[in-house]
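Generate the whole structure from the sequences, applying the supplied hints.
Order-wise, the sequence lines are chains A and B.
Residue numbering for the first sequence follows our numbering, beginning at 87 and increasing consecutively.
Residue numbering for the second sequence follows our numbering, beginning at 5 and increasing consecutively.
To be clear, the hints were calculated from the coordinates, so they are not data collected in a lab.
Any given hint could turn out to be false.
Unchecked claim - Straight line, CA to CA, 25 Å or less: simulated DSS-like cross-link-like pairs of lysine-lysine: (1) B:Lys102 to A:Lys95; (2) B:Lys102 to B:Lys167; (3) B:Lys13 to A:Lys188; (4) A:Lys95 to B:Lys103; (5) B:Lys103 to B:Lys167; (6) B:Lys167 to B:Lys272; (7) A:Lys188 to B:Lys16.
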Amino acid sequence: MKGERGRLKRWSIDFIFSGPTLIAFATVLIVPFLYGVYLTLTNWNGLSNHHQFVGIANYLQTFQDQSFWVSMGVTVKYVIVTVVLVNVIAFALAYALTTGVKGQNIFRTTFFAPSLIGGIVLGFIWQFIFQNVIVYLGQILNMPALSNSMLATPSGAFWSLVLVSVWQYSGYMMIIYIAGLMAVPQELVDAASIDGANALIRLRAIVLPMIMPAIVVCVFLTLQRGFLNYDLNLSLTAGGPYGSTVMVPLYVYQQAFTSQNFGLGQAEAFVLFIIVAIISFIQVYVGKKQEVEA
Amino acid sequence: MRTSRLWSKIAKWIALFIVFCVFIFPLILVLVNSLKPLTDIILNPLSWPTSWNFVNYTDAFNLMDFPDAFLNSLIITVLSVSLIAIGSSMTAYLFVRKKSRLTTLLFYFMVASMLIPFQAVMIPLLQIYGADLHWLNNKWILIYMYLGFGASLAVFFYHGVIKAIPIELEEAAMIDGASRVQTFFRIVFPLLLPTTVTLIILDSLWIWNDYLLPSLVLQSPSQRTLPLSTFSFYTAYSANFGDVMAALVMTAGPLLIVYLFLQRHIIKGIMAGSIK
Numbered sequence: 087m088k089g090e091r092g093r094l095k096r097w098s099i100d101f102i103f104s105g106p107t108l109i110a111f112a113t114v115l116i117v118p119f120l121y122g123v124y125l126t127l128t129n130w131n132g133l134s135n136h137h138q139f140v141g142i143a144n145y146l147q148t149f150q151d152q153s154f155w156v157s158m159g160v161t162v163k164y165v166i167v168t169v170v171l172v173n174v175i176a177f178a179l180a181y182a183l184t185t186g187v188k189g190q191n192i193f194r195t196t197f198f199a200p201s202l203i204g205g206i207v208l209g210f211i212w213q214f215i216f217q218n219v220i221v222y223l224g225q226i227l228n229m230p231a232l233s234n235s236m237l238a239t240p241s242g243a244f245w246s247l248v249l250v251s252v253w254q255y256s257g258y259m260m261i262i263y264i265a266g267l268m269a270v271p272q273e274l275v276d277a278a279s280i281d282g283a284n285a286l287i288r289l290r291a292i293v294l295p296m297i298m299p300a301i302v303v304c305v306f307l308t309l310q311r312g313f314l315n316y317d318l319n320l321s322l323t324a325g326g327p328y329g330s331t332v333m334v335p336l337y338v339y340q341q342a343f344t345s346q347n348f349g350l351g352q353a354e355a356f357v358l359f360i361i362v363a364i365i366s367f368i369q370v371y372v373g374k375k376q377e378v379e380a
Numbered sequence: 005m006r007t008s009r010l011w012s013k014i015a016k017w018i019a020l021f022i023v024f025c026v027f028i029f030p031l032i033l034v035l036v037n038s039l040k041p042l043t044d045i046i047l048n049p050l051s052w053p054t055s056w057n058f059v060n061y062t063d064a065f066n067l068m069d070f071p072d073a074f075l076n077s078l079i080i081t082v083l084s085v086s087l088i089a090i091g092s093s094m095t096a097y098l099f100v101r102k103k104s105r106l107t108t109l110l111f112y113f114m115v116a117s118m119l120i121p122f123q124a125v126m127i128p129l130l131q132i133y134g135a136d137l138h139w140l141n142n143k144w145i146l147i148y149m150y151l152g153f154g155a156s157l158a159v160f161f162y163h164g165v166i167k168a169i170p171i172e173l174e175e176a177a178m179i180d181g182a183s184r185v186q187t188f189f190r191i192v193f194p195l196l197l198p199t200t201v202t203l204i205i206l207d208s209l210w211i212w213n214d215y216l217l218p219s220l221v222l223q224s225p226s227q228r229t230l231p232l233s234t235f236s237f238y239t240a241y242s243a244n245f246g247d248v249m250a251a252l253v254m255t256a257g258p259l260l261i262v263y264l265f266l267q268r269h270i271i272k273g274i275m276a277g278s279i280k
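Pasting the structure below:
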């Protein structure tokens, strides 16, 4: 009797510790995830009470949905360009800002600042710049190339998204690269320069392998944010002009909540999830293999 | 040799200064234009304001219902982040100190779930909490959802730190008659402070700026958070640049001001978070 009460008490304490969190985790993430798997196998439209089991029809339809794959193409292109640009710029800034430049801290603080602003606000700030400020500059400088809003053409809108993303994320990744660079032992770099290695060789043979963990983290974060970018896409271009910059998260949203194709939208969301998961897994796996110990 | 080094230093500084201008220019432009009347903005978006004019601010303040939106954002962010920090640290503590097949499995389950993006559960989440349960349109359910979405990363962070805390400290407290909950809050939780700070920074940025989840959960205007009211304000008044600029300053401003004061802690916190 006493033993049983003791066990009950222990369980109730365990529940105090982990119950609320685990229940929230399960009911907000796991249950909807499993329910989502089920949804992809039905033809539900979000309104009617009845829906039928349709097997893998939604997945087949996903593969035939041309606009989905056009949107995926735009997303992949956007991700490749931003991952490369953000990481190269962030690394260059971090490299320059760990050499004791005058005003180092002010530079770091300022470059990080855009990371604090949400995608919605950033999109509106830059809309003003692309549509008003740059157009104004084009007019007074008599440069026809600038006189029309960049957001009015498909390629202009695409590169605007890239530009703002680079501006938004470089500072954040720079901070992570700085943390990585500060952990590189100075003796190692000095020893290499005594041996006659120039700056480029030192960078390639010592610094880059040593900061591999930071590179893995930054590439992972930029990949994720790139593939799942919704806020900026919505506020800067809203997918326009003519739907040319609708990236997959925005596409899935429209499929589900504008066109009311819940099953198909959910299947397309899963395709996105699987692609992102596979790419992230390969990236982390390959990156980890390159890591070296000091 | 000496002079060439000096020149390369100057070149580097100039390059950094140009990047600096690119980073700060859009923010200053918004601030400057928020103080100008509409006609001046249209005439020349690059001119300085001729006089200090806060009409745009009072307009935007009233039209976007700023106090309500700010308060909603503040309540949601503070409560969600507190719940995530307390709930996840307690869960991670249980996972570490009561290691069993079940807790290990649950831990790996949570870590694996971090790969699931919000978009993959968005539609069913809305179906369950909206159409099935009719629980949407209040901030408490949103806070509950943030706990669910934020828990795995936080448990992962705390798990690594708690593993390194020697159990002897807790045993001493237990012998003195403290309960497990007391022991946790008096001995363990204070030791987790650096991790908690990192977590508060990362999660506050996420929740304060989040748009998609609140846009699905909070439908009535009185419930709106800052990003939501900025969005609806912009959609309605986008031609009124002065008011829009003031609204953007008021939305982004609070976080930037906090950053000015706490920049060293915030940058250190981000650095610490990236290594884990």
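A quick look at each hint next to the structure:
1. B:Lys102 to A:Lys95: The given pair, whose Cα atoms are some 15 Å apart, holds under the 25 Å limit.
2. B:Lys102 to B:Lys167: Cα-Cα ~11 Å, so holds.
3. B:Lys13 to A:Lys188: This hinted pair holds, its Cα atoms lying about 10 Å apart.
4. A:Lys95 to B:Lys103: Distance ~18 Å between Lys95 (chain A) and Lys103 (chain B) Cα, so the pair holds.
5. B:Lys103 to B:Lys167: Given that 25 Å is the threshold and the Cα spacing comes to 11 Å, the pair holds.
6. B:Lys167 to B:Lys272: Between Lys167 (chain B) and Lys272 (chain B) the Cα gap is close to 22 Å, so the pair holds against 25 Å.
7. A:Lys188 to B:Lys16: Distance of about 10 Å is within 25 Å: holds.
Of the numbered hints given earlier, the model fails none.
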